[in-house]
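Engineer: Spelled out, the chains give:
Protein chains: 2
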Amino acid sequence: MAKGLPTREEDYSQWYNEIVSRAGLAQHSAVRGCMVIKPYGYAIWEKMQAQLDKMFKATGHENAYFPLFVPKSLFEAEEKNAEGFAKECAVVTHYRLKTDPNNKGKLIVDETAKLEEELVVRPTSEAIIWSTYKGWIQSYRDLPILVNQWANVVRWEMRTRLFLRTAEFLWQEGHTAHATKEEALTETKTMVEVYAKFAEEWMAMPVIQGIKSESERFAGAEDTYCIEAMMQDGKALQAGTSHFLGQNFAKAFDVKFATKEGTKEYVWATSWGVSTRLMGALIMTHSDDKGLVLPPKLAPYEVVMIPIYKGDDQKEAVVARLKEIKTELENQGISVKLDDRDTHKPGWKFAEYELKGVPIRIAMGMRDVEAGNLELARRDTLEKKIYEQKDIANKVKHLLENIQLNLHQRAVDFREEKSQKADSYAEFKKILEKKGGFIYAHWDGTAETEDLIQKETKATIRCLPFTDKKEEGVCMVTGKPSKQRVIFAKAY
Amino acid sequence: MAKGLPTREEDYSQWYNEIVSRAGLAQHSAVRGCMVIKPYGYAIWEKMQAQLDKMFKATGHENAYFPLFVPKSLFEAEEKNAEGFAKECAVVTHYRLKTDPNNKGKLIVDETAKLEEELVVRPTSEAIIWSTYKGWIQSYRDLPILVNQWANVVRWEMRTRLFLRTAEFLWQEGHTAHATKEEALTETKTMVEVYAKFAEEWMAMPVIQGIKSESERFAGAEDTYCIEAMMQDGKALQAGTSHFLGQNFAKAFDVKFATKEGTKEYVWATSWGVSTRLMGALIMTHSDDKGLVLPPKLAPYEVVMIPIYKGDDQKEAVVARLKEIKTELENQGISVKLDDRDTHKPGWKFAEYELKGVPIRIAMGMRDVEAGNLELARRDTLEKKIYEQKDIANKVKHLLENIQLNLHQRAVDFREEKSQKADSYAEFKKILEKKGGFIYAHWDGTAETEDLIQKETKATIRCLPFTDKKEEGVCMVTGKPSKQRVIFAKAY
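Residue numbers (the working numbering), protein chains in the order written: chain X, 440 to 931; chain L, 440 to 931.
It is possible that part of the hints are untrue.
Identical chains blur together in the list; that is why a pair holds if it fits in one copy or across any two.
Straight line, CA to CA, 16 Å or less: simulated EDC-like cross-link-like pairs of lysine to aspartate or glutamate [stated by the list, open to error]:
id : residue 1 : residue 2
1  : Lys674    : Glu769
2  : Lys736    : Glu822
3  : Lys754    : Asp779
4  : Lys493    : Asp672
5  : Lys929    : Glu895
6  : Lys545    : Glu522
7  : Lys526    : Glu550
8  : Lys873    : Glu887
9  : Lys860    : Glu910
10 : Lys829    : Glu814
11 : Lys674    : Glu448
12 : Lys762    : Glu822
Hint data in this document are derived by calculation from the structure and do not stem from the laboratory. Nothing here was measured: the structure is a model prediction, and the numbers come from that model.
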């Protein structure tokens, strides 16, 4: 075990922080609440971006870019949205600094350069985008607009945690415009499904798709669909949301289109986003007490090679053989890092790449070269095994597929084990206290009951899961009728 | 010619604006000086990004992400850098809005949420990055650091033009740290060469590499290398810069490393960047009076297909054949858009894709289907020709390569024709007035003379070109000795 890395059991929160830091993923910066994403962390984010971008394009979306700043008058146009974000807005008020006349070499805000209208640093871009769409949309021929943006956003959070909640974060935000309600609803559903597919197949993270209760809805939305994942401490993490915005933004910005029939109607909207928060979800879903565990599909490199040798002659022979094998693997599309540095011992390297979650480690010494073998260790199970070098690329390829599936299955099993039904409020509280996890319970659909439960237990409704077999019942708190079980959990 | 598009001759500046707007590249936004990059424009930028990113990684760089905000105290640490950017900084002073008590539904800045220390929206990231590198660098083993960031930056410009000069723009900024001066200088040179290669081979835009005079240097740099391109109005455009920062930032942030010998030394630095300004350069280098002209390597799609038909039967037959050919082309790695919309006539489509600069247009009617032919038009020369469909993918592939080279050659020829030597100040002024372009002249190396020339003629020194054959002479203004000719031009 890496020296001093706390176990999940001991201190889950500190375990997470230490992994983020020691695996070189991110760190706090000199700016309150803002993080630096370090190269190894950013390489994972780049892999996420590349795959998501491909999926967005495959579903007909194009990328564009809208301004970082939102003039206050636009920001406040959609009242609910504005109200929802007003309390956490970074505001630009001036556009110039000047030398402090009393303190040479220091700068102060130049009060003569005050903006006539303050600019909000975007916490989300509906306002600036819908003020733009007004100019893009005249007739039904201009619809749908299927646009996505990769950007940074700022929400002034008081309690921040690397990746999970930061004042600035990176994300993508899709903003679509449609002629009909049905089409917008279909888009909202399509995108939450894209997120679910990405989470399951690339992140190896099982998620539940559902719909948010009114109090958890995005400010300005008619409905928010989401994917919810379970972390290893039994808490839920909202990993992506897709919003049906109705005609709220079209009305706020007066965006109408001429229908085929010649009438004028307000446009229907959706927006949807995932952020660097997914990095936090990825880390907490798979990692163990030895460090980060990465699914092969998102690992910066899938295989690390470590030569073991005494003296230059041995080094040359071992590294030469590893390079040949590296080429074989790369020809199969496998990404490989060969660490042949002399500055660090093999033992140090073993620990380092274990901490960094590299899916497969290949070690080779002089005897292995002679025998045509190599030692292969998989990060998910920590199993080590001697393999013949023959046909190694295919073996590694299959093993990587296997690791990807195994991580997913392990996370599914964990979630199932931590998912329970509760039929009374007493039972609900007991489960929550003893075991945590997802609790499927009946709720009367009111914000009052939801608030009460949250105040008394800290659990929130994560979603009303999409399901074919809705089971009716009565609210565990009020006894009023309920149409389906909803998922409660403590959440990030 | 697109209706109302002014010619370059009539009004170069308006011609540029109209192309940016009509080809769907970008538009002004509701935020002063900030642009919206529209999907077609963004698709070109994505192609630029993808290629540059590949080249950065091939030269050993990794990506990371640093905060958008820079606390004022860090910003002012490197005095020259701070002084250079202070006058154009957007400043965040508050972190909350509240409902206006006198005007329900309106928001005002919450004065109780004033930041203790103002935050500058990054105009460039040396300060925040070097304050971070301090924690990353202890010994020579931690060097070099070769990091790049893709980000948005803000410089509060008073006179803005889409892509060329905007308050917010997108860019990449490399920030490297080295143990020796020589290594940092090599890095500075390597990156300007990467930029030159990208400009020449991908943008088909010839550039001259050189070194900036002191007054044109980046604030805080010891030396700035650059690539300079010539636009079709004879004006120069600085397309990329690579800075040797010496130990200035290491000293400002006290970043020292332990050498192999155990001494402590300040770290050497470089930074280098290109931005969405390249979009402006690309547009102005190749486009003509009919609209945008794109080099195939950066075109969102290299080929557009337009079916010509009467009635549904013909449409079906023509589109079916075009789809087959589309697949053939795509199998060769060629990107193709088939526009089979009924809502627009072929003539409209021809004009539209000409305006959008698509390198090759394929048109096909019923007779072509029967004869096994198609009509192919190239955007660069506007030539149209009938081709046999047989082996069309190879023909198109070669043609695209040819277009790429032709655009480059045309731009080289144009630049050469507009490049002249001037041996007296009178001759210099005459060339500048009558012809413009690049003027190679001798200069005494002083800022005074440079200022004088700029004040009298508006021409600036674009660079001291890297050259093997330096020709000595005397300054055209003062008669003092000069070691090499430098390039003067009016510039964007």
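Engineer: It remains to establish, for every hint, whether it holds in the given structure.
Structural biologist: Consistency of the hints with the structure:
1. Lys674 with Glu769: Classified as neither: same-chain Cα gap 39 Å, cross-chain 47 Å, threshold 16 Å.
2. Lys736 with Glu822: neither (20 Å within a copy, 47 Å between copies)
3. Lys754 with Asp779: Cα proximity of Lys754 and Asp779: one copy only (9 Å, versus 62 Å across).
4. Lys493 with Asp672: neither (32 Å within a copy, 39 Å between copies)
5. Lys929 with Glu895: within (12 Å within a copy, 71 Å between copies)
6. Lys545 with Glu522: between (37 Å within a copy, 10 Å between copies)
7. Lys526 with Glu550: Classified as between: cross-chain Cα gap 12 Å, same-chain 25 Å, threshold 16 Å.
8. Lys873 with Glu887: neither (25 Å within a copy, 79 Å between copies)
9. Lys860 with Glu910: within (12 Å within a copy, 86 Å between copies)
10. Lys829 with Glu814: within (13 Å within a copy, 53 Å between copies)
11. Lys674 with Glu448: within (14 Å within a copy, 66 Å between copies)
12. Lys762 with Glu822: neither (24 Å within a copy, 51 Å between copies)
This entry does not satisfy hints 1, 2, 4, 8 and 12, going by the numbered hints stated previously.
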